[in-house]
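Mind docking chain B on chain A? Use the hints.
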Amino acid sequence: QPQVQESGPGLVKPSETLSLTCSVSGVSFTSGNYYWDWIRQSPGKGLEWIGSVHYSGTTYYNPSLESRVIISIDTSKNQFSLKLSSVAAADTAVYYCARATIPAAGGPVMYSWFAPWGQGTLVTVSS
Amino acid sequence: DIQMTQSPSSLSSSVGDRVTVTCRASQRIGIYLNWYQQSPGKAPKLLIYSASNLQSGVPSRFSGSGSGTDFTLTISSLQPEDFATYYCQQSYSTPFTFGQGTRLDNK
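Quick mapping for you: the protein sequence lines, in order, are chains A and B. If you count the first sequence from 1, position 53 lands on 53 in the working numbering, and the numbers rise without skipping. If you count the second sequence from 1, position 90 lands on 90 in the working numbering, and the numbers rise without skipping.
Don't read these hints as lab results, they were simulated from the structure. Note that the structure is a prediction, hence the values are computed from the model and not measured. Just so it is clear, CB atoms sit at the ideal spot from N, CA and C, and this is done for glycine as well. One or more of the hints may lead you astray.
To be verified - Simulated crosslink set (BS3-like; lysine-lysine; CA at most 25 Å straight-line):
hint, chain 1, residue 1, chain 2, residue 2
1, A, K13, A, K45
2, A, K45, B, K42
3, A, K83, A, K13
4, A, K45, A, K83
5, A, K83, B, K107
6, B, K107, B, K45
7, B, K107, B, K42
8, A, K45, B, K45
Said to hold, decoys possible - What the simulated footprint calls covered on chain B by chain A, stretch by stretch (three residues with Cβ under 8 Å from a Cβ of chain A suffice, anywhere in the stretch; the number is not a length):
hint, segment
9, 3 to 15
10, 85 to 95
Excised from the complex, chain A in its bound form:
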């Protein structure tokens, strides 16, 4: 069964960079059928899609976060990562990683669906 699992600090200071890693197991990480995504959930904004990365390096980002986000992939470690810079209290949320399956191998991330999700990790931005 495919599994994804988030890891990283639970507390980040304002103006610093949030860094999280997602470890993937039980599935071919380099399959053209998948993108690898970050999604966050906060009480104020609900579920918010952050962005996607393909093993080829193709990325898609939410324009609302794009100036601060980098999602990268390390196929040798079966991991992908999120970096969010210049964080503020509004970035406090539970961060999830998830696999996005696309209907046509090698295609764009559109038309995809998220499964499985990691258990989520709470990141609090506070000094």
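The following block gives chain B in isolation, referenced to the frame of chain A:
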């Protein structure tokens, strides 16, 4: 961005009831609508993808329908484990967006 609006925001039902949740998109999205279930303290779980396709392992009492702008999630006979929050999500275009959620609780 495409706005997703769910109704109702909350719903009280009993075991055995038939339940329907509606999701409306602010523009046409074809069939590219997914449904998720989230229990307290847990990650969302995929139920239905591309409007009407049941995810592997999901009970057949869950079904989805719709296209264009209007979509429906139906639970044919509510079970105790179904009391949770349900979200729709469009994957027609980025940024992908979610509905605000429908909380289903025990009457």
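Tested hints:
no., hint, verdict
1, A:K13 <-> A:K45, "holds, 21 Å"
2, A:K45 <-> B:K42, "holds, 17 Å"
3, A:K83 <-> A:K13, "holds, 14 Å"
4, A:K45 <-> A:K83, "holds, 20 Å"
5, A:K83 <-> B:K107, "violated, 43 Å"
6, B:K107 <-> B:K45, "holds, 23 Å"
7, B:K107 <-> B:K42, "holds, 22 Å"
8, A:K45 <-> B:K45, "holds, 19 Å"
9, 3 to 15, "violated (count 0)"
10, 85 to 95, "holds (count 7)"
Checked against the numbered hints above, the structure breaks hints 5, 9 and satisfies the rest.
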